[in-house]
Amino acid sequence: MTPEPVQVVKQRRDTALAALVAGVPYIGFLGIRFDRRGDELTAVLPYQDMLIGNPMLPALHGGVTAAFLEVASIVELAWQIQWKDVEAGGLPLPALPKTIGITVDYLRSGLPRDAYARARVNRSGRRYASVHVEAWQDNRSRLFAQATGHFLMPDGR
Amino acid sequence: MDALDSARRFLAALPHCAALSMTLDEAGDGWAVLSMPWDARLVGDPATGVIAGGAVSVLMDTASGAAVMSHPEAAGITATLDLRIDYMRPATPGQRLRARAECHHVTRTVAFVRATTFDDGEKPVAMSTGTFTVVREMTP
Chain E
1 MTPEPVQVVK QRRDTALAAL VAGVPYIGFL GIRFDRRGDE LTAVLPYQDM LIGNPMLPAL
61 HGGVTAAFLE VASIVELAWQ IQWKDVEAGG LPLPALPKTI GITVDYLRSG LPRDAYARAR
121 VNRSGRRYAS VHVEAWQDNR SRLFAQATGH FLMPDGR
Chain S
1 MDALDSARRF LAALPHCAAL SMTLDEAGDG WAVLSMPWDA RLVGDPATGV IAGGAVSVLM
61 DTASGAAVMS HPEAAGITAT LDLRIDYMRP ATPGQRLRAR AECHHVTRTV AFVRATTFDD
121 GEKPVAMSTG TFTVVREMTP
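Protein chains in written order, with our numbering: chain E, 1 to 157; chain S, 1 to 140.
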């Protein structure tokens, strides 16, 4: 059997990711998009004036930073949950985990420019998952925020 | 009330709070109540219409910051150091969310703040615990 052409694989993965992200109005409201390399996702929050909390500094709203980290975590987790189905050739119905709790550390003030985040699933069980996420702006090694959250799996009861 | 008016003016000038139609409803020494309407753009779960956790975080972070700024010993600007949020139950779609935040301890440099968010129901939707910077006027 010949391997699948690369374009077919890419298109299937991108379609699945787009379906996951497009289903959530709040992701569109903040303007968050996701870059994909293989199974690795990077959440991107393009700068907009309406994301500013304090216009005097100016700085991104702390709540927006928390929301960005939470969205990056949920999408990463949902993406990992459906990865096997996508690879098997299916287009699974997006199922989103629910946030139980999240703790955000603010390391630097969010500058008025694009922000990026990558989440790492540290533990993914039948019911619960634990996810750590880091966010940066100009320098990958200079985080402006990080968070750890616990999530209820889509079919967890 | 003079303090309430200036706090309202300050909140209205924050772009992201304006985008969420957030209002300051009440405030006193070291506490504040803020609310915002349900909005279809803020939905996090399209199957149920439940508002995204992130939008609730914005409300509680802002309410906590407003509580710090209304504290007599912590006047001036503040920034979030850390914020822990627990989501206890989904907010009922269509209902206004109201967050009450209170500084339970303030030192020379840090304010410790708790906030609770309700919809029209009796049980809280979410709670947060956070620490915020306190910047005192420098006197030479």
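Calculated from the structure, these hints are not laboratory results. Wrong hints could be hidden among the right ones.
Unchecked claim - Footprint (simulated), chain S over chain E, 3 or more residues, beta carbon under 8 Å:
no. : region
1   : 21-31
2   : 59-72
3   : 75-82
4   : 114-121
Stated by the list, open to error - Computed Cβ-Cβ distance ranges for the label pairs, DEER-style:
no. : chain 1 : residue 1 : chain 2 : residue 2 : range
5   : S       : 75        : E       : 142       : 37 to 43 Å
6   : E       : 57        : S       : 21        : 21 to 27 Å
7   : E       : 139       : S       : 110       : 23 to 29 Å
8   : E       : 124       : S       : 21        : 47 to 53 Å
9   : S       : 105       : E       : 57        : 50 to 56 Å
10  : S       : 82        : E       : 122       : 15 to 21 Å
11  : S       : 93        : E       : 139       : 36 to 42 Å
Just so you know, even glycine gets a beta-carbon here, dropped at the ideal spot from N, CA and C.
Just to be sure I understand the hint, the distance between the Cβ atoms of residue 82/S and residue 122/E should be within 15 to 21 Å; is that true here?
19 Å, holds
8 Å C-beta criterion, at least three residues: is the region 75-82 of chain E covered by chain S:
Since 0 is below three, the answer is violated.
Quick check: does the Cβ-Cβ distance between residue 93/S and residue 139/E fall within 36 to 42 Å?
40 Å, holds
Against chain S, does the region 21-31 of chain E show at least 3 residues with beta-carbon separation below 8 Å?
holds (count 7)
Assessment of proposed distance window 21 to 27 Å (beta carbons of residue 57/E, residue 21/S)
23 Å, holds
Just tell me: holds or violated, for the beta carbon distance of residue 124/E and residue 21/S against 47 to 53 Å?
37 Å, violated
Do three or more residues from the region 59-72 of chain E put their C-beta atoms closer than 8 Å to C-beta atoms of chain S?
holds (count 10)
Does the beta carbon distance between residue 105/S and residue 57/E stay inside 50 to 56 Å, or does it fall outside?
26 Å, violated
That 37 to 43 Å hint for residue 75/S and residue 142/E (C-beta), does it hold up?
31 Å, violated
Using the beta carbons of residue 139/E and residue 110/S, state whether their distance is inside 23 to 29 Å or not.
Cβ of residue 139/E to Cβ of residue 110/S: about 27 Å, so the range 23 to 29 Å holds.
When I compare C-beta atoms, does the region 114-121 of chain E have three or more residues closer than 8 Å to chain S?
It is violated: at least three residues are needed, and the region 114-121 of chain E offers just 0 whose Cβ sits closer than 8 Å to chain S.
Hint compliance for this structure: hints 3, 4, 5, 8, 9 are broken, all remaining hints hold.
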